[in-house]
Amino acid sequence: MRNPDVNETLDSWSILHRLYAFDRRRWAALAADRRAAVAQEAQACFAQLAEDQDHDLAPVQVLGTKGDLLLVHYARGFEALAETEMRVDALALNDYLTPRSSYVSVLELGLYDASAKIHARLRERELTPYSPDWHQAFDELLARQAEGASARLWGRIPRRRYYCFYPMNKRRGEQVNWYALSYDERQALMRDHGTIGRSYHGHVTQVISGSTGFDDWEWGVDLYADDPLTFKHLIYELRFDRASALYAEFGPFTTGLQFSVDELPAFLEASAVPRLRSQPAAV
Amino acid sequence: MRNPDVNETLDSWSILHRLYAFDRRRWAALAADRRAAVAQEAQACFAQLAEDQDHDLAPVQVLGTKGDLLLVHYARGFEALAETEMRVDALALNDYLTPRSSYVSVLELGLYDASAKIHARLRERELTPYSPDWHQAFDELLARQAEGASARLWGRIPRRRYYCFYPMNKRRGEQVNWYALSYDERQALMRDHGTIGRSYHGHVTQVISGSTGFDDWEWGVDLYADDPLTFKHLIYELRFDRASALYAEFGPFTTGLQFSVDELPAFLEASAVPRLRSQPAAV
Amino acid sequence: MRNPDVNETLDSWSILHRLYAFDRRRWAALAADRRAAVAQEAQACFAQLAEDQDHDLAPVQVLGTKGDLLLVHYARGFEALAETEMRVDALALNDYLTPRSSYVSVLELGLYDASAKIHARLRERELTPYSPDWHQAFDELLARQAEGASARLWGRIPRRRYYCFYPMNKRRGEQVNWYALSYDERQALMRDHGTIGRSYHGHVTQVISGSTGFDDWEWGVDLYADDPLTFKHLIYELRFDRASALYAEFGPFTTGLQFSVDELPAFLEASAVPRLRSQPAAV
Amino acid sequence: MRNPDVNETLDSWSILHRLYAFDRRRWAALAADRRAAVAQEAQACFAQLAEDQDHDLAPVQVLGTKGDLLLVHYARGFEALAETEMRVDALALNDYLTPRSSYVSVLELGLYDASAKIHARLRERELTPYSPDWHQAFDELLARQAEGASARLWGRIPRRRYYCFYPMNKRRGEQVNWYALSYDERQALMRDHGTIGRSYHGHVTQVISGSTGFDDWEWGVDLYADDPLTFKHLIYELRFDRASALYAEFGPFTTGLQFSVDELPAFLEASAVPRLRSQPAAV
Amino acid sequence: MRNPDVNETLDSWSILHRLYAFDRRRWAALAADRRAAVAQEAQACFAQLAEDQDHDLAPVQVLGTKGDLLLVHYARGFEALAETEMRVDALALNDYLTPRSSYVSVLELGLYDASAKIHARLRERELTPYSPDWHQAFDELLARQAEGASARLWGRIPRRRYYCFYPMNKRRGEQVNWYALSYDERQALMRDHGTIGRSYHGHVTQVISGSTGFDDWEWGVDLYADDPLTFKHLIYELRFDRASALYAEFGPFTTGLQFSVDELPAFLEASAVPRLRSQPAAV
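Residue numbers (the numbering used here), protein chains in the order written: chain A, 5 to 287; chain B, 5 to 287; chain C, 5 to 287; chain D, 5 to 287; chain E, 5 to 287.
Chain A extracted, bound-state conformation:
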């Protein structure tokens, strides 16, 4: 708690990623009007979540066979996230979606520079560490950071066409161990790392969420861009940055095309009307 060896974070949206396989065979076997009704119910639910100020939602058409549909959910807190999860599970569409994997995290800003400054300022004020006054002063300085970052913290899901998600850890190897570095070393590495990221400004929107205590990796990274090659170039360049080259461990990558909630029925129908299927398939 307010450990000077540990950077503070600002936390905002609770986030759930869910990756599904879509059961085309059973979907196509439904009558067309039933398909329309199921799609419409889902679309209405998704639209509400995407427009509500306490939630956000983005559907992604995933490339390859890791899954067909990815849903990115934002909610204000775990209660709202759990309720959203259940609400989507209760959709009739859910019968045609098989979950493949998920990711639970909380949008965060990692404050390396700001944490160091807060600790420095409190030292200047000569407040006794961990005293009530010290905690109150800390609260105030941190709250000021949160206000300044409010737009980034509570931003909505970027509506760009191409999408990439991957979880990651900082390495805890036997010789190369991020968590055994000093605060100053980590701060310097994160600063250089940020420099590369910023050189892609405008080309890509990045959302970092923390998942320590929530899921199997330490962070989730969502990237949104207008050109998918941006992901390839950015992430390849970052691999040579020392913070990544030495200390990053990457989980599985998911890539796809974000679409608007309005297009959900079209997405579902796209694979459901093969010419030959007028006779139901023998099973």
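The set of hints was computed from the structure by calculation and includes no laboratory data.
Because the structure is a prediction, the values reported are computed rather than measured.
By construction, the Cβ of each residue, glycine as well, lies at the ideal position given by its N, Cα and C atoms.
Lysine-lysine pairs mimicking DSS-like chemistry, simulated, CA-CA at most 27 Å apart:
1) A/K174 - C/K174
2) E/K121 - E/K174
3) D/K174 - B/K174
Partner residues are not named here, just some residues of chain D that face chain B (Cβ under 7 Å, in silico):
4) L67
5) G68
6) P232
Residues of chain B placed beyond 10 Å of chain D at every Cβ, according to the derived structure:
7) Q47
8) D60
9) L115
10) R127
11) A153
12) R156
13) D230
14) T234
Following the hints, put chains B, C, D and E in place on chain A, whose structure we already have.
Okay, now just chains B, C, D and E, sitting in the frame of chain A:
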């Protein structure tokens, strides 16, 4: 046995974690009165286990697709635990639950300081190590520890809303190996580790259980809190503590919302009454 | 972006590999004329994709039980690739194909020598790095590379009988870390690596695609040859090359026999007409 | 063969562990008299195997969801083991058992001290290594060991209530490699390791079987005790022993409660008669 | 190509291993005469493959639950192998076999000593490396090796009762890396390794196949013996040999009992006629 290189442990509840996927499709296809009867049977069984002084039980709604329902079972000994497992397996509800994973462990207090003191005291008394007298004296001193810790050892499952579970090991790497450290080194590391934990006092309730010989990791950690961000901040801070930074290996994390046994029928119904499902789904 | 520590790449085709198990049991249970119709629909679709100048497609009969049929898709961009994926998913044949795995990547030429030359040339011209003039000059020099390599970049799938695919990474070990090498070291290693590859000229056609940001490995390698032993000898020899011996990590290998789209119906029928199956199999 | 760098082993029972999930849903759907007949057939078969002098069998109720029933089979040789496997597969009960995993091994005594002594004695006798006389003398000395250890080699499955199984390897790391140690170093480490084991004499019965060439780990370890905490304390203490701390790699742990073959019908029925299931479950 | 740092190999049979689970439940539900017809069709096909001079086939009853039946296929080239695979897939029996895993490889002799000698001889002749004359001379010397080894290269599957298969790699660790050793070091290590193997002459028949470029490991090893303990003793002894101790990485082991194609119907029936199954099992 009473090896001075090995810390003693005090052991209490036998614990079983079981994570299930809930088969909403088949559940929703049941008639409403049948669903009510099945839910009621399960609720009655769970309530008995949660109130019985020889058992405890907590249901958790899991976030994400690792599973839907987690049951934490406590019982006095493996016989009672096995019987409980079978009793829950015999519920009609079990037909709608697909097991995803489980964890078998025993609640423990790891006595680093106390073990060192017991060995020291017996050396002072100049008892011959491993003699009957020595064993008897050891028994008495250990029993005194157990009495003093009885409330922690036999405490019931904390009834806080947010829940996190993960298994962990102490690293046995080629260069960095917990089990090759001296007793004194380990004792010092665990003391520092405990200091961080204690700074979260009141914010989080932690239950450590040992699983050496029972399951695939060495310990299971249950955390209970009123704010899920506590998990994120605590575990992130602990990563920088030397005992964790250098020596901890973490298994998969499960997080969710604990609910009371009374809410079980509502939990099961929440996803079973979609508007569109009045006509049974074509399979 | 145009980091002198990072080699530029030229990027062309968006590529999707999809590996399927073929459900022979359900296929054989179809009436012969239905099988013929389904096969014909798929063949027509595949033929169009294989002949279209904005797409390419190769079907491969896979050896062993990792899968039965591999489809290699080329498309101009992720939009076209996603559309192709959906179009094939909508085939009636898709009901008899169970996806096993996939790979998303973009054909690339890694410019080690050319990137170094471009940076050198811009230094000679004394342009301010990252100035608009510098970027424009960079664009022009890179475009010249792309023109010169156009045939290799936009080449169609090699029509050779034997096929091999594997994904790979450059190692990021604690001591042996490709991404911690200097540009010059990497350039020298890649030059030697290329020398071995070129000694197989004529015997094998190699297609490298980059997947950083798209899939779980950094590169995909497709090899096409007239003799499958070429794969064995080439890859074995490459293991001793320093770039591979020290720095390559290999994913799973898939090998098989490419066939022409015309042969698709024969491929599907080959296993569908067992003599004993005149009576439908009891299930 | 009789390599002085390699300890000899004495080998006896061929052992098969099989872990099954029990399909309660389908079992409970059977008529009660059919369940009784199926259970009785299995019990008769198991009883014969458990009493036969050329076989042994132990059923274990497994804790947690790794499986429900574990069968430990002993047979004299692989022919008998294969035949036993098939015989159990042919039981009607087998329709309700889904195999989860298995382990194939041969009970062994690893002769570190005795092998060294045999080699020493043959050197004293100045027999030419690997000559017929030398081999004959080796045979005789080894046979004498086998006679002396006959009770341990051909002992029957210990009938203690609590059960634990895990497979293990000796580490072959890049710096820490058991197989690169000298004979004398390994002999000394195994001697210390044995000392801890022996301090649990009476509390636990241990069966070591070798699986090099048969299964994915090098050894299987079965532990039998009257108190499950014995497993926890013994294995935890052994982790600090140098042979384990530095060189042991552990596979998955399975724990449970051994029951007698007579109790098989009760075990199967325990979960089959839920009050609510009088109406067959809707599927 | 003919790299003096790389040992040449002689390559012969294309080999496919396929491991299947046998679906006893569905098999037993077939009428007896249908089972007989299906078994006879498979036996006829297997017999043809086992007797044909361009193919070979061995069925193995696998111990444990990794699978029930392993088929080892030999064919002259990938075309023949692919055709064989399809032909077996088209058997009615295939409906009762679920593939678990497979292995694609090519029988090889690794020529460490001979490659060194060929290079030495060509240096003596002072032929310009990689000139047409040099290549022709190389061809001739290699062909002479192949002639001399023809019986080993094109030998048929050894008909011994006990069987063991495992894939393996040479380690490419960060410090311990086979592919970074000099030719001479590797040659010396392989020579010592071969000495142990030869001391088991007569007791075991070993078939090495290379799978670089074909499957996920570098080599497959098939062992055939009259006593299964031979596998245990040989492989255990080899673990201490430096080539294995330091450089070998082992994949999963499969062990079982080879049977003759004539016994296939008996193998299939062994588990299909339980006494209690006269009434068809309720599903």
